[in-house]
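Just so you know, the sequences run in chain order A and Y.
Under the UniProt record's numbering, think of the first position of the first sequence as 1, with each following residue one higher.
Under the UniProt record's numbering, think of the first position of the second sequence as 1, with each following residue one higher.
Think of the hints as simulated: they come from the structure by calculation, not from any bench.
Among the hints, a few may not be true.
[Stated by the list, open to error] Heads up, simulated PhoX-like pairs for lysine-lysine below, C-alpha to C-alpha not over 20 Å straight-line:
1) A:17 x Y:152
2) A:222 x Y:174
3) Y:152 x A:23
Given the structure is predicted, the values throughout are model-derived calculations rather than measurements.
These are the residues of each chain, in order.
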Amino acid sequence: MEELVNKTLVFDYFAGKVSPFQKKSIEAWLAIPGNRDIYYQWLHEWETNNLQLATNWEIAFETASRRIQYSVQESDPAGKASIRWWQRPGFWMAAASIVFLIGLSGWLSVDLIRYQTIETSYGETRRYVLPDGSVVELNANSSIRFPRFGFTEKGLLASLVGTSTGRRVELTGEADFSVRHLPNHQPFVVTTSKGLAVNVLGTQFTVFSRARRTQVVLRSGKVELTMPKQSNNRPLTMKPGDLVVLDAEGKLAVRQTAHPEELSAWKQHRFTFEQTSLREISQILQENYGLTVRIDGDELANRTISGSFPAQNANELIQLVAELLQINYFRDNNNVTFTN
Amino acid sequence: MTEAEGYHRPDKESIARPLHGIDQTTTLVDNEFFIRAAFAESPQKGFEALFRIYYNPLCSHALRFVYTREVAEDIVGEVFYQFWKNKAFTVVQFTYRTYLYAAVRHRAYNYLRDELTGSRTPSSLDELDVAIGEESPLTLIEYDETFQRLEKVINELPSQCQRVFLMSRFENRKNQEIASELGIALKTVESHLSRALRQMRQLLLSSISLIFIGLH
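Bound conformation, chain Y alone (with noise of 0.2 Å):
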């Protein structure tokens, strides 16, 4: 998709969309409101709907920042042990859509900012979800942005070096596993895959630095 085509796509559209959208989030609306009625019954059946409504989309967001199944389906889980744990949908004082939703991107983007930097430790995940719900509309833009901007790199990298990566990262195959499969040399994976981290660090540590001075 080019420039052009996404600047007059949704002018077109525009005029006619609003009430349809309007009409969409009384639906969604009432999603919620048959949790607040499972809560009301026991936390148990809360969370059972929370999860089935919301464990899915949420690790596949997760996801497009991770880009390791095994840390998406982590980070979610958390969250919702965190959210369960510390009783904090007792007090949520918006919906559980927005808290859940704000404090997997939080996790997963500090996940990433980590893995990226190199500056990982044990705690950066168990980090309690604070600010949850004070995030500038900047700050959720700077979040929509890495993930797209991630995609895009990841899209450009050479075929091989990409097939290398996702075997490596969504399927959690280890290198020799994957020199073996392609019938490429061990070597060889592993300069796809510095390669491929290379890329994601040039691309995104620019953009990310940004964000951090504009955060503090």
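Chain A on its own, in the form it takes in the complex (with noise of 0.2 Å):
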């Protein structure tokens, strides 16, 4: 009976499609020593080709990591066979001193040790995992900040450290977030030099944060947007697909994007433009590169580009944008000159 069973009838079968006695011979047939490995296998191939989700591996992969790690350092066994090392002579002493040094320099504002700094340079993007499994993809010139002690509980530790606590980001620049949801549902906030905050529902979105514009883009989930500092403090929703921009006045404008993937496109060093002008690109190359760009004339500064275009370094970028707009350009050193 059991030879019946092959690839077809165990693919029929996990699809819930075959007989009552077919699966009595796949049942024999799995009593019989190895088949079970086949049967795995069969059932892994057979997922694979009828997959339910698009989950992100290498997420999952960095998560257990950092489980693994913490966990090698806190059952250090060399911690278990000696004294353990706070109960060596003289530790306490040495540890009195330390603490009132640090209580002397005042180390309740020292933000080195309250804080845990990321940071890229020019032309960099960088791809961080924070404590909690959430990542964060920073573009260039950008930086984040968030407490060292406490990130994801909101424990005593943390409040004794004076932390503001929680999963609270301070973002300078750009940044794509991907929020991981907590099992105790942990609010994830993400705040801005002008005042803006953006409270997380679990999901993935990119604020922008620069001197020229302040901005957040939704792509899947839900975030709400707040300004503490502001005494009509009304939260606004955003819904997938929303671009909010903070303007100068400080107020906050809705506007619906088509593809929210593409303003984080630089993840992919793609840069996305739409009717974005020759002026505005300049800004871009003076944030992310750090040159200066000059342009000569105000009819070239406002001509425009539109569409999405690869480059991997400045240099790319301006090429491009000079055969798309037919003109010249002269770099020297960290100076930009487009002419006509």
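Make one complex out of these two single chains by using the hints.
See the structure below:
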């Protein structure tokens, strides 16, 4: 009976399409040693061909690696064998003096201890996994700062240290966030220098906070925007595809964007322009690569480009722009000039 | 698909198939050979290979039981973590694939059972992956029948009830959000959800309790 069993039959069986007799023969086949491995192999193949969802294995792998590193440090066997380090003679004396010294220097104000900072230089993008498993991708010339202690808990330690507790990230520049939902529904807040706070409820979005503009684009999930320092602090809830811009007077304007993912195209070293003027592109060159750009004439500065283009570095972007607009450019170290 | 179609379709093709099946087997075994080579280099490299190849399909499979994306990912993440932490990869006697699929199915199935019987305990998901590799053919088939039956139950829910259920479970949306997005009352959302759960319970619990009598 079990000789009837082959891959096609087992695939149909997984899909719930076999007769009770055929199921019986699969049961008999499974009892033969070695066939269980083949069964799982076919299950894996079938599942791979009939996927129910798309996940990101890299994030999961990084989260697991972190957990492993953490648990290895915790259960360090050397600590168990010898006298524990805090029981060694003189330790408490040393500890007391260190605490005294730190207290003396007013350690509560030492941001280096309280916060961890991740930054990118001009022309660099960087992917970073936060302690809670959320992923941040930083665009060039950007930085984030978050509490070193108690990031993932509203714990006693964090309140003792005096850090604003929990998942709070301060952003300067531009970053894309994939926030992990935690079982205790702990909030995740991104704050910007212009006083705009993004309260996240498990989701993917891009925040842009530079001198010329502050904007938030939501790809999936849900976020709430607040201006904690303003008196009439009414939260604004964003839907996927929304683009919210904070204008000069501190007001929030909501727009719809059909392709929210294009606003984080820089993650793939792509630049997406939509009727973008050469003047704005110059600002991008300034923000992302630290270049000073001069444009010969207002008419040239107002010419626009549309489309999505790959560029690995500043030179490629400059060349691309010059080719598209059929203009000339001249670069001398950090100074670029566009001419007709 | 009707039962009648299910009867003759595999039979018609079965004569030519076995050889093909064996060919497929060899390529997949080679796959694990690369993972073993990666493990020989370092556990880090080995796990990277395991995640790359198995993480997504395992989540997809777990989802068939738990119908919540976060839970599926948590279950799979936990299995990988335990496998790594306990250094089980050094002693595994069968393929990594067998170990991982068996452990994920065991956990996902237990999660579903606990949810439907209301007996969820904080440690439900933390139980060790004991008895992996010792399931009887009957247990394997019961697991498969469980997710197939679950799919059938959900497919047969009235369309709006199904929609509410998937929004709540798969997209992890709050009841109030679903109500305002679909323009229906909060009470309606709640009744759709409890209806879905009731149907799942009715169709599943009878068979699940039988399995457990069978196992012990």
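Checked hints:
| no. | hint | verdict |
| --- | --- | --- |
| 1 | A:17 x Y:152 | 12 Å, holds |
| 2 | A:222 x Y:174 | 11 Å, holds |
| 3 | Y:152 x A:23 | 18 Å, holds |
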